[in-house]
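A.B. asks: Fit chain X to the known structure of chain R by using the hints.
Residue strings, one per chain:
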Amino acid sequence: MSQLDIRHFGHQMKHHFLKTIDTPLITITLLISVLGLFFLKSATYTYSTDYLTKQTIWLILGILVLIAVLKIGYLRLVELSPILYILGLFLFVLILLIGNPKLGAQRWLQFRFFTFQPSEFFKVVLILLLSRYLGFYPCSLYLKKDELKKISVCGCLTLLPILLILKQPDLGTALVLGFIFLIIIYVWRARIKYIIFIAVCGLVSLPLFWHLLRGYQKRRLLVFLNPDLDPLGAGYTVIQSKIAIGSGGFLGKGWLAGTQSQLNFLPEHHTDFIFSVIGEEWGFLGGLLVILLYLFLILRALRIARLSKNRNGRLIAAGIAGLLLIHIIINIGMNIGIMPITGLPLLLISYGGSSLITTLSAIGLLLSIDRENRLSH
Amino acid sequence: MRLKSLSFIVLISFAVLIISLANIQLNKYDFYKQLSDKNRIRLVPLPAARGSIYDRYGRILAEDKPLFILTLTPDEFFRQDSATIEQILKRLSEISGVPAVQIRERLDKRKTPSFVPVVILSNLDKDKALAIEGESLGIGGLVVQVAPRRSYPCKDIAAHVIGYVGKVGPKEIGQRKRYGYHPPGWVGRAGVERSADAYLIGEDGGRQIEVNHLGRQVRKLGIKLPRRGKDIYLTLDIELQKVAYRLLTRKGLRGVIIVMEPHTGEILTMVSCPSFDPNDFVEGDRKRIRRILHSRSSPLLNRAIAGLYPPGSTFKPLVAIAGLETKKISPDSYLYCSGRHQIGNRFFYCWKRSGHHWLNVKGGLAYSCNVFFYKLGEKLGVDNLSKFTLLFGLGKKTGIDLPGEKRGLVPTRSWKYLTRKERWYQGETALFSIGQGYILVTPLQMARAVSVIANGGYLVKPRIIKQTTHDTRHTTEKNKRLNISLKNINIVRDGMVKAVEDENGTAHGLKINNLNIAAKTGTAQVEGKEANSWIVGFCPVRDPEIVFVILIEEGGTSTRRVSIARELVEKWKELKNKMTN
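Protein chains in written order, with this note's numbering: chain R, 1 to 377; chain X, 378 to 958.
Here chain R stands alone, though its shape is the one from the complex (with noise of 0.2 angstroms):
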């Protein structure tokens, strides 16, 4: 090979490495990360905590772990999967024994720093054991007799994790690991019929559940149904999440300047309630764009999904998209009262850092999938 050959091959491979990327993709991804310290700047600048820095420093260890997902390749994380699913569940039960009791439930891990929400991980984590388990074939592959086989497996190692944070109690996350266990075995192309029985199954076992949820969260599922039950306690959020919304009418209060926030009535509003912000001082303008961005995102990963040509790609990329689409759905549906508070973030935008850096790893995992697509065309 003659040195020209050589520096013509550099220049390929550069042009390739570009290529592998999903621009938009991480773009979009990026654009929402950087509105959310906007937006989380205008929630917390009265506190005394510096929220701000914090979430900055996650946001880039965020990018970090993205990059490291990228490098890795989400085969390789697949095929860890089994071994941080038990990890998973063994930190889970760690929490329930010594767990911080943080404001009624026990969701962290309490370090030196920081806490740790394993629940959050564990999302992703689930995604790719589900996907590694239902394996490169479609479902249409198999008997019947296997197909039912499949299915209860991965409701078992669904529901296993889900019994165990619903003991937390996180009705939130709970509802996510079941969410996204119907999505992949939808795409995997399961019976309609079995789907639509398992999740009247759940449904209907909702009642059951009941009886694990604390005092606090039963009155927010039960203020849901009817605010003006107790407009001072458990309904106050809602009402004023919506006064805060509603006010902001087409243009917004302008950044820093929405008095519902501002003045506190709002609590967790950099958390949960963070879209109430965005919509009290951005106005609808704001909050279509924040809804049309995150519409975008999903439809992206939808898209990485239909051009994968690895079933695990597939169902990994799937699985991704409803993570995000049932976090998006149910906390901006929380936030203007049309869905019970259940605690879910608001995702890349709430404050949060483990939060975050699941999102960023699920993205990572996108980007991934997508490079292989790319690479082999």
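Check the hints yourself; a few may be wrong.
[Said to hold, decoys possible] In silico lysine-lysine, DSSO-like type, Cα no more than 27 angstroms apart, as pairs:
id: 1; chain 1: X; residue 1: K843; chain 2: X; residue 2: K442
id: 2; chain 1: X; residue 1: K764; chain 2: X; residue 2: K664
id: 3; chain 1: X; residue 1: K467; chain 2: X; residue 2: K503
id: 4; chain 1: X; residue 1: K381; chain 2: R; residue 2: K193
id: 5; chain 1: X; residue 1: K948; chain 2: X; residue 2: K628
id: 6; chain 1: R; residue 1: K41; chain 2: X; residue 2: K410
id: 7; chain 1: X; residue 1: K381; chain 2: R; residue 2: K309
id: 8; chain 1: R; residue 1: K144; chain 2: X; residue 2: K410
id: 9; chain 1: X; residue 1: K888; chain 2: X; residue 2: K628
id: 10; chain 1: R; residue 1: K54; chain 2: X; residue 2: K486
id: 11; chain 1: X; residue 1: K503; chain 2: X; residue 2: K705
id: 12; chain 1: X; residue 1: K855; chain 2: X; residue 2: K764
id: 13; chain 1: X; residue 1: K486; chain 2: X; residue 2: K773
id: 14; chain 1: R; residue 1: K41; chain 2: X; residue 2: K486
id: 15; chain 1: R; residue 1: K150; chain 2: X; residue 2: K381
id: 16; chain 1: X; residue 1: K619; chain 2: X; residue 2: K955
id: 17; chain 1: X; residue 1: K857; chain 2: R; residue 2: K19
id: 18; chain 1: X; residue 1: K532; chain 2: X; residue 2: K950
id: 19; chain 1: X; residue 1: K773; chain 2: X; residue 2: K838
id: 20; chain 1: X; residue 1: K664; chain 2: X; residue 2: K442
id: 21; chain 1: X; residue 1: K486; chain 2: X; residue 2: K544
Calculated from the structure, these hints are not laboratory results. From a predicted model like this one, the values you see are computed outputs, not experimental measurements.
C.D. replies: Below, chain X without anything else, positioned relative to chain R:
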């Protein structure tokens, strides 16, 4: 296929989100805008005073006193130029005696938003408060607030009955606050403060002000005055309580004195020693609170309702009534005491080893003969004993309006079998019939049981709350008449009178001229400790006005402690004469 349909689901759900958002922000904008404007109206809380607690004659037992608190709003304070700030800090430290650096530190290290006032000094006296108020007219952010603070002028004298209040802890607020509750600052933690918390607690008021988005006041809008809690009158006579308390503390005794009206159940005195100063809990003096909590003599325990003791010989009148009611003995039955009594191969002794010889029931009570009651108990059997003991209200809560009451223990054949898996032994019946063995009672239960003898057969419900400002319903409650004949009660009563009047009676030290007293002493053995001494009784014998129960932990032979009862009754008489004149 599936992925396409999934995209479709995504699009639909997002469409729903966008439409709902548009509905709130565009369609209902005016409605929410109005609500948000209303939200800018801020309520500055004005805490309500708690109702006062008085004794039966209206003497103050607990009240809220104004406490002056100096607060600074950092937001407004730091808007001034630094020279003024330094000057104010210096002046503040002059008035208060707190170094300026420390005040500064408290402002800088606050954990609240800058528009929330920070407490600089929490215990100003009135003069200083006025001085600061006078100077602060031109100063931004400096406000003197008045907050009520509980005070107990009688200190440790009636601490167990009155109780104390404590701040609602961060744990209790926890979740509620997160979702918008504004919890009351103080709650009753013990005694009447706790059991009547709902009456005493007031309704907080507030000042309405309109603020801008930084929380600065734009204008004043209105004021809702706090509503004071309701007052409560106790049945206590604090003067008599004081006397009783001194009788115990003077000699450093641990124990209980209860004085109760036998007809109404109203409690005139309830002393439990050692006691504590409830003011320590209000002031939050950690060192003193720790000392109270960790003291080995448990001063927080209200021994009158939660201390459990064997009743000893004060139990004998109940056994006597059981014997008469079941007709196992008549008033004229004589039993012989040789100084000891044999059951199986074991001897049970009388306290008088030489024996009391022939005695009837009155004599048995007057000289507190053990053998008489061993024999009577044998005739009755354990089932009758248990039945009558329960009838007199022992072994169950009296239902007094104080928290933390204990039930005590009345042994029965089945109880023994269930807890010890053993049958009941004859010897245990003997111990039971002189108030020893398994039986455990609270002093208040004894007061109630003695009242039955004093009032002619009524089981009263002891009461500590006489009335609240608006509610006098308590007084109309009817008491239950027990199915015991008055004749038999009078016989036992005569026995208790004889204990005082007879020269050899165990309570002869209680004999006071011009006053007929019925009494019974008791020296109750406790394993490994000195015996507890009891004195129970009532006076005047005809139409009794008070029942008294005195218990002294490790007080030794009760006959030697009778002087305490004597002094108590004399002081009661003296106070009563003073009140009627």
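A.B. asks: It remains to establish, for every hint, whether it holds in the given structure.
C.D. replies: Going through the hints against the structure:
1. X:K843 / X:K442: holds (24 angstroms)
2. X:K764 / X:K664: The hint is violated at about 48 angstroms.
3. X:K467 / X:K503: holds (20 angstroms)
4. X:K381 / R:K193: holds (19 angstroms)
5. X:K948 / X:K628: Holds, at about 17 angstroms.
6. R:K41 / X:K410: holds (24 angstroms)
7. X:K381 / R:K309: Holds - the C-alpha atoms of R:K309 and X:K381 are around 16 angstroms apart, at most 27 angstroms.
8. R:K144 / X:K410: violated (58 angstroms)
9. X:K888 / X:K628: Holds, at roughly 22 angstroms.
10. R:K54 / X:K486: Roughly 19 angstroms between the alpha carbons, so the hint for R:K54 and X:K486 holds.
11. X:K503 / X:K705: violated (72 angstroms)
12. X:K855 / X:K764: holds (23 angstroms)
13. X:K486 / X:K773: Answer violated: X:K486 to X:K773 is near 54 angstroms, above 27 angstroms.
14. R:K41 / X:K486: holds (21 angstroms)
15. R:K150 / X:K381: Given pair R:K150, X:K381 holds - Cα atoms ~24 angstroms apart, limit 27 angstroms.
16. X:K619 / X:K955: holds (16 angstroms)
17. X:K857 / R:K19: Answer violated: X:K857 to R:K19 is near 94 angstroms, above 27 angstroms.
18. X:K532 / X:K950: holds (25 angstroms)
19. X:K773 / X:K838: holds (12 angstroms)
20. X:K664 / X:K442: Holds: X:K664 and X:K442 sit about 23 angstroms apart, inside 27 angstroms.
21. X:K486 / X:K544: Cα-Cα ~23 angstroms, so holds.
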